[in-house]
Amino acid sequence: MTSAPWWAALLVRSLAPRDHVDDVLGDLEEAHRSRAGRHGTIAARALTTLDAVDMAAALIRSRFDRLRTNTGNSMIQDYKLGLRMLVKYPGLTIAGGLALAIAIGIGAGWYDLSRDLLHPKLPLPNADRIVEIEMRDAAASGDERRLLHDFIEWRREIRTVEALGAYRTVERNLGLGDARPEPVTAAEITASAFRLAAVPPLLGRTLLDSDEQPGAPPVVVLGYTVWQQRFGGRSDIDGQTVRLGRTTTTVVGVMPEGFAFPVNHRLWVPLQLRASGYQPLEGPPIRIFGRIAPGSTQAQANAELVTIVDRARAASPKTYEHLRPRVLAYGGESPGDRSWFELMLTHLPVVLVLIIACANVGTLIYARTATRDAEIAIRYSLGASRGRIVGQLFIEALVLSSVAAIAGLTFADWALKRGMDAYFSGQPGGPPFWINPGLKLTTMLYAAALTVIGGAILGVLPAIKATRSHPHGQLRNLGSGGSTLRFGWIWTTVMIGQVALTLILLPPAMGITQESLRDRAIRGRFPAGEYLVVQIELDREGVIDESDAEFAARLDRTYREFARQLQRQPEVVAVTFADRLPGMGPSVREAQVEPAPGAEPVNVANMWTAAVGPQFFETFGVPLVAGRDFNDTDRGTAARTVLVNEAFARRYMNGASPVGRRVRYTAANASNAEPWFEIVGVVRDVGMTPTDLGEAPYVFQPAAPATVRPLVMGVRVAGGPEMFAPRVRSIASQLDAGLRLDEVRSLDDLAWRVDLPQMIAAAALASIVSLGLFLSSAGIFSLMSVSVARRTREIGLRSALGASRPRLLAGIFTRALVLVGSGVAAGNGVLLLFIALTAEVDLSDVGGALIGTSALMLTVGLLGCVEPARRALRIHPTDALRES
Amino acid sequence: MRRANVYTTLQRLEAKRLISTHLGDPRPERGGKARRLVNVRPAGVAAVRATTGAISAMVGELRGVLGETE
Numbered sequence: 001m002t003s004a005p006w007w008a009a010l011l012v013r014s015l016a017p018r019d020h021v022d023d024v025l026g027d028l029e030e031a032h033r034s035r036a037g038r039h040g041t042i043a044a045r046a047l048t049t050l051d052a053v054d055m056a057a058a059l060i061r062s063r064f065d066r067l068r069t070n071t072g073n074s075m076i077q078d079y080k081l082g083l084r085m086l087v088k089y090p091g092l093t094i095a096g097g098l099a100l101a102i103a104i105g106i107g108a109g110w111y112d113l114s115r116d117l118l119h120p121k122l123p124l125p126n127a128d129r130i131v132e133i134e135m136r137d138a139a140a141s142g143d144e145r146r147l148l149h150d151f152i153e154w155r156r157e158i159r160t161v162e163a164l165g166a167y168r169t170v171e172r173n174l175g176l177g178d179a180r181p182e183p184v185t186a187a188e189i190t191a192s193a194f195r196l197a198a199v200p201p202l203l204g205r206t207l208l209d210s211d212e213q214p215g216a217p218p219v220v221v222l223g224y225t226v227w228q229q230r231f232g233g234r235s236d237i238d239g240q241t242v243r244l245g246r247t248t249t250t251v252v253g254v255m256p257e258g259f260a261f262p263v264n265h266r267l268w269v270p271l272q273l274r275a276s277g278y279q280p281l282e283g284p285p286i287r288i289f290g291r292i293a294p295g296s297t298q299a300q301a302n303a304e305l306v307t308i309v310d311r312a313r314a315a316s317p318k319t320y321e322h323l324r325p326r327v328l329a330y331g332g333e334s335p336g337d338r339s340w341f342e343l344m345l346t347h348l349p350v351v352l353v354l355i356i357a358c359a360n361v362g363t364l365i366y367a368r369t370a371t372r373d374a375e376i377a378i379r380y381s382l383g384a385s386r387g388r389i390v391g392q393l394f395i396e397a398l399v400l401s402s403v404a405a406i407a408g409l410t411f412a413d414w415a416l417k418r419g420m421d422a423y424f425s426g427q428p429g430g431p432p433f434w435i436n437p438g439l440k441l442t443t444m445l446y447a448a449a450l451t452v453i454g455g456a457i458l459g460v461l462p463a464i465k466a467t468r469s470h471p472h473g474q475l476r477n478l479g480s481g482g483s484t485l486r487f488g489w490i491w492t493t494v495m496i497g498q499v500a501l502t503l504i505l506l507p508p509a510m511g512i513t514q515e516s517l518r519d520r521a522i523r524g525r526f527p528a529g530e531y532l533v534v535q536i537e538l539d540r541e542g543v544i545d546e547s548d549a550e551f552a553a554r555l556d557r558t559y560r561e562f563a564r565q566l567q568r569q570p571e572v573v574a575v576t577f578a579d580r581l582p583g584m585g586p587s588v589r590e591a592q593v594e595p596a597p598g599a600e601p602v603n604v605a606n607m608w609t610a611a612v613g614p615q616f617f618e619t620f621g622v623p624l625v626a627g628r629d630f631n632d633t634d635r636g637t638a639a640r641t642v643l644v645n646e647a648f649a650r651r652y653m654n655g656a657s658p659v660g661r662r663v664r665y666t667a668a669n670a671s672n673a674e675p676w677f678e679i680v681g682v683v684r685d686v687g688m689t690p691t692d693l694g695e696a697p698y699v700f701q702p703a704a705p706a707t708v709r710p711l712v713m714g715v716r717v718a719g720g721p722e723m724f725a726p727r728v729r730s731i732a733s734q735l736d737a738g739l740r741l742d743e744v745r746s747l748d749d750l751a752w753r754v755d756l757p758q759m760i761a762a763a764a765l766a767s768i769v770s771l772g773l774f775l776s777s778a779g780i781f782s783l784m785s786v787s788v789a790r791r792t793r794e795i796g797l798r799s800a801l802g803a804s805r806p807r808l809l810a811g812i813f814t815r816a817l818v819l820v821g822s823g824v825a826a827g828n829g830v831l832l833l834f835i836a837l838t839a840e841v842d843l844s845d846v847g848g849a850l851i852g853t854s855a856l857m858l859t860v861g862l863l864g865c866v867e868p869a870r871r872a873l874r875i876h877p878t879d880a881l882r883e884s
Numbered sequence: 001m002r003r004a005n006v007y008t009t010l011q012r013l014e015a016k017r018l019i020s021t022h023l024g025d026p027r028p029e030r031g032g033k034a035r036r037l038v039n040v041r042p043a044g045v046a047a048v049r050a051t052t053g054a055i056s057a058m059v060g061e062l063r064g065v066l067g068e069t070e
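So the protein lines, in turn, are chains Y and X. In terms of the working numbering, the first sequence has 778 at position 778, counting the first letter as 1, and numbering is strictly consecutive. In terms of the working numbering, the second sequence has 31 at position 31, counting the first letter as 1, and numbering is strictly consecutive.
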């Protein structure tokens, strides 16, 4: 008996799966013997060889087949299908994509921001050992920063912290030669900062301990940007003298790009301490930093510091009674400040937004899945596994959420950069050096995780539900034009919740938008474009030696001379000053108003106040309507007079003249009430501070330049104020090198910046509500479409049996009404509960708004039914009967 | 029909748990090797029914198109 040739057997044996070797070889052998009997040995060998080659090819194909399936060839097809779905269903792509983009964008943005703010990573060696030391004042619930005395003590005694240093931030005018000096944020800092940061200078040297000694020659280390921008990157800058304020200082070094330790500083001068030392709580406020010594921990440093302060408390119990030191991680929160759980809680709202968005979009995707019932049923019954179909729908959803994630991340990146810029633009020096606006790799990974979670919720849940029923049942339904899918209670609850949430957000969105537009319109009537705002600071050099009274007198003299020189300019119409100009945001204090002589005072929680200089009202074109203006006597320290505006008279005097009445600010301690101020005049409303009840009621106090903080100058200019700004800077620099102009811009620009956050909030809320309305409508549309598709046969039969069109329509609209109505009822319930719990809102005031928003929601819901209803009416009875 | 195609098809059906296979007794005409025997599982029977049903439904629809009557 002849056997199959050995090469054929070897070929098949080498390729057959291990558990199939025996039977495949057996098949080969049996076929060979059969051939040998019929065709002879030689022919059989040839045929068996061909048979073995064919089998080998099939076995190789089957291996590749398995490999392809495992490595995701089918996944690529699913991705392509997902992309095609995006184009095929543009409504779902836009609505769902937008909702997901917002959710993922907010999630990623918040994650990035929270890492930057709460857990920053300092770009310095041994960053995790760098600490900040604070002294908490338990009585004042704030930090005590007048710590020069304690700093000197700690530097001598503490062992667990090395390179202990201190700094304070100062603004200085920096000038070289005849160039106009410009303000720069500088740090008066101990030389230990440079040892701690361990960043070598680009040119020259850093500060040395000897620079701190009293009487040492003044030196400065420049930051990279200052060196580049002010000195053109001159390589011979080392050893040059510059003017810093009114001091001639020698440049000893330049730091490399990006170095801004301790926070956002671009210039470093030594912190010189008095040789005679300081009394506790004497001297300017400082901040203290250091590095945990090798072998020590933050907790040990904290304990050592507490011991040192306990000793100080024993020596001066009164001074240290409420002071508690603590060692914190530099720039952020210390480990152990918050538990992991609390940190996770801060991400909860973000996850909630994502879940809401997913629920919304899930409704739409579920409806789409329902329309693809037939496709799924056929694939399922032709042998596709359930996992394969679920996987396909998951990848389709993943494509949508990925596209949305890209859009969301792009937006988040832009918003973070712009937001950080806007937030830090008002602060001298810009953002801290450890904050790097823009999305980081970890944020991208976080967003990727959110995207996958979103895709899973959107794709897998509807897919599991869609493939739950047996394929036979689905197949049976194919011919009938119906669907076996139903909107379960989860999706119905989601729809109701969505309608309720949109309804709840509608009133605040409408309110804030209306308010924002109203405020812009009212402020637009004031000629803010004619005014230049100039915020003034005077360097207080030799801070330790110049007394407060001396500084006040110098500031007064400098301001008067500056104002006099400005007034001599032909474009200048008038000059005044205040702590804030009209439209620059409020300063509110708790106060009491005496409505009539001897009457019980009325408490006012938020009294708007402004401290104003001479000619303030003339400069802003505000006429006096009763009483008198301030005179020089009013600006003396003993005088206690104020002016009020007409809004004040309307609000607190019932229209009677407030002249002669009194007002006082309420002290925190009732037994220590402040003395009364007499109202001596009433001025017309400026029209730059609109509130819900009209112009804000104002109390104006007389002020002198030295008593006003901040000192803001208002200059009325004929022609463009921006054109005049460079001349203002030039006059200031010629007058006094220590006179800094921190802000020179038009009042229009400033008022716009004050309005901007409210307008952004209004736009954001309006967008969210619009999206909510759109998603609600789209959700109702999907729901009704599925419902009509599922009931094609029923509607057709009812139509054949004589049901009228209105009756059919009523059936469809009733279901939508019940759904939207439930949402409206739930939303109104929450709003009414809120109104009941809040004393400030009266139901009669908002009743109209509630009815209006409810009507809007119902209209939107019913609009979603229009197309499904049209589809239902197009069903012809004969078609339905034929199908059945 | 090529034997290779039969192997591939049987493997796929087994992976989908529509059939099950086991080895029989060794047989002299196979050089002492066993045969692989195939059992159709209930899910396989149901799938065959469903598929033939679907095919019949489709053919039924086509009859209308082709102008045939049952």
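I should point out that these hints are in silico values taken from the structure, not numbers from a laboratory. Any given hint might turn out to be false.
[Unchecked claim] Here are the computed lysine-lysine pairs in the DSSO-like style, where the Cα-Cα straight-line distance is at most 27 Å:
#, chain 1, residue 1, chain 2, residue 2
1, Y, K465, Y, K88
2, Y, K80, X, K16
3, X, K16, Y, K465
4, Y, K121, Y, K417
5, Y, K121, Y, K88
6, Y, K121, Y, K440
[What the hints assert, rightly or not] Computed from the model, here is a short list of chain Y residues facing chain X with C-beta under 7 Å:
#, residue
7, D22
8, D23
9, L25
10, G26
11, E30
12, D54
13, M55
14, A58
15, S62
16, E722
Idealized CB from N, CA, C, for every residue including glycine.
Exercise. Honestly, which of those hints from before does the structure not fit?
Worked result: 5 and 16
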